[in-house]
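**Student:** Residues per chain are reported as follows:
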Amino acid sequence: MLFPSPWKVGATLLTEIRDGTLINATAISLRRVLLGYSISLLVGIPLGILLATNRWAEDTVGALVSAFQSLPSVCWLPLALLWFGLNDKAILFVVIAGSLVSICTAVQDGVKNLPATYVKAAQTMGTPTLRIYSQVLLPASLPAVLTGAKLGWAYAWRALMSGELLFVSLGLGQMLMQGRELADMSQVLSVMIVIMCLGLMTDRVIFGSLERHVRRRWGMAK
Amino acid sequence: MASLAIRNVEKRFLEQDHRVYALSGVSLEVKSGEFLVLVGPSGCGKSTLLNIIAGLESPDSGEVLIDGRPITGPGPDRALVFQDGALFPWLNVRKNVEFGMRQKGISRRDAEERAVYILEQVGLAKFAENDIHSLSGGMRQRVAIARVLALEPEVLLMDEPFSALDAITREDLYVELQQLWLKRGTTIVFVTHNTREAVTLGDRVLLLATDPGRIQLEVKVDILRPRHIDDVNVARTAQLLSGAMRRERKNSQREVEADELDSSSDILRDLDTSVVHRSQ
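Chains as they are written, first to last, in my numbering: chain A, 1 to 222; chain B, 1 to 280.
Just so you know, these hints were derived from the structure itself, not from any lab.
Check the hints yourself; a few may be wrong.
[As the list claims (entries may be wrong)] Taking lysine-lysine and the PhoX-like style, the derived pairs with C-alpha atoms no more than 25 Å apart in a straight line are:
| hint | chain 1 | residue 1 | chain 2 | residue 2 |
| --- | --- | --- | --- | --- |
| 1 | B | Lys126 | B | Lys183 |
| 2 | B | Lys183 | B | Lys31 |
| 3 | B | Lys220 | B | Lys183 |
| 4 | A | Lys120 | B | Lys104 |
| 5 | A | Lys120 | B | Lys95 |
| 6 | A | Lys150 | A | Lys89 |
[Said to hold, decoys possible] Covered stretches of chain B, as calculated for chain A (at least 3 residues, CB under 8 Å):
| hint | stretch |
| --- | --- |
| 7 | 100–107 |
| 8 | 129–135 |
The structure displayed is predicted, hence computed values, not measured ones.
Where a beta carbon is used, it is the ideal one built from N, C-alpha and C, also for glycine.
Please put together the full structure from these sequences, using the hints given.
**Tutor:** Okay, here's the thing in structure tokens:
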């Protein structure tokens with residue numbers, strides 16, 4: 001059955017929730033994506049600020065980042081599998097490879113477009129260099145960081161799904177594949193619905209409220 | 001309060017493979033407590049000179065001294081007010097004013113107390129907790145001034161701080177700035193391209209000329225304060241400066257003819273203003 005009825009999909013969804021398979025798979029996938037994404041944020045934001053402010057870093061690491069950006073994250077999977085084996089580490093690596101570069105690039109662009117007078121003003125008020133990074137450049141680039149974080153989240157999620165689809169590893173991606181192998185289209189569709197709902201929730205609840213806060217502070221168009 | 005000494009400062013920029021003298025052998029003294037205005041057309045190096053005093057740029061040669069000490073980098077003793085205000089949008093008004101004080105190591109409580117006091121002085125006490133974007137252009141520049149006054153700088157540097165404001169707001173700020181200065185007696189170096197603004201504010205106005213950037217004319221203004229921009233004496237003195245600026249532009253390579261300036265000084269004899277020739 002290639003086009004199951006909405007009722008059938010709903011019923012499948014319900015049973016999958018009841019027997020715990022969907023909850024488990026979601027939990028496993030979320031754990032992976034959150035871990036990888038957090039690492040990407042922790043490394044990507046400072047790296048983006050560094051690349052935007054340091055000429056030498058931009059010429060060396062910056063070129064590498066641009067090169068990596070043209071590489072779809074799933075291309076890292078064969079390498080990751082050889083390095084780490086068939087386990088969570090490989091998936092984590094792919095998630096990081098997918099999101100870090102996009103976060104870094106968005107932050108870098110954002111910091112580069114900041115008014116030069118922010119740093120000059122801080123300097124004339126006697127701010128030491130290290131504190132200019134933490135108290136001026138980091139908060140000033142908050143709108144750019146948010147753009148990067150949103151982009152990074154999308155890439156992290158995509159990378160995770162392609163990783164989970166391509167080899168047996170539990171999680172939502174594998175549930176999708178399992179549905180295909182069993183020719184159970186209602187399972188495939190129910191998992192797709194869950195993925196979309198997760199995306200919608202993070203976009204509205206988490207990023208939505210952050211964006212409202214930044215827009216209010218910065219006085220940007222509503 | 002402090003005095004400044006600028007001696008033989010040169011600054012070159014490379015522009016399409018040929019050297020442009022942003023500043024060529026500029027020397028001047030700023031007395032302690034003086035209100036000095038640098039005026040000139042764009043490209044005359046007035047902002048470069050201000051940035052050099054601020055320590056944001058360094059001269060290719062020559063020296064800049066504050067109270068006899070050489071300037072090596074930026075510091076809160078020479079705080080700068082920028083044309084765009086350069087306020088931090090992620091902080092509210094009060095925290096913007098506190099920022100510099102916190103860098104100086106002043107405790108949170110003292111900084112807050114002082115910020116509130118200074119905001120009162122510039123008439124913005126009610127807006128202490130507002131976001132920056134909710135303020136008008138004039139209010140923002142008041143915050144920018146409050147932010148640097150909080151640091152009690154020895155020299156206050158101002159880089160066209162009012163040029164993006166509307167005429168009425170600007171006139172209010174001319175009066176306020178003069179009152180603040182009369183009360184505090186801080187040394188001020190103010191940069192503008194507007195000759196009327198220059199004469200309204202300055203004890204002394206230096207006219208800078210372009211390529212090479214140099215001091216062309218010095219005018220001492222003794223008109224009673226607080227001056228208004230529409231004051232007749234202000235207007236006529238400004239006319240003299242604008243005239244000199246225009247002549248310089250016309251025969252940009254030739255020296256300004258001495259007798260032209262001499263006749264201008266005749267007009268000025270009854271204007272509480274005096275012209276000093278600067279030959280370099």
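**Student:** Against which earlier hints does the structure fall short, listed by number upward?
**Tutor:** none
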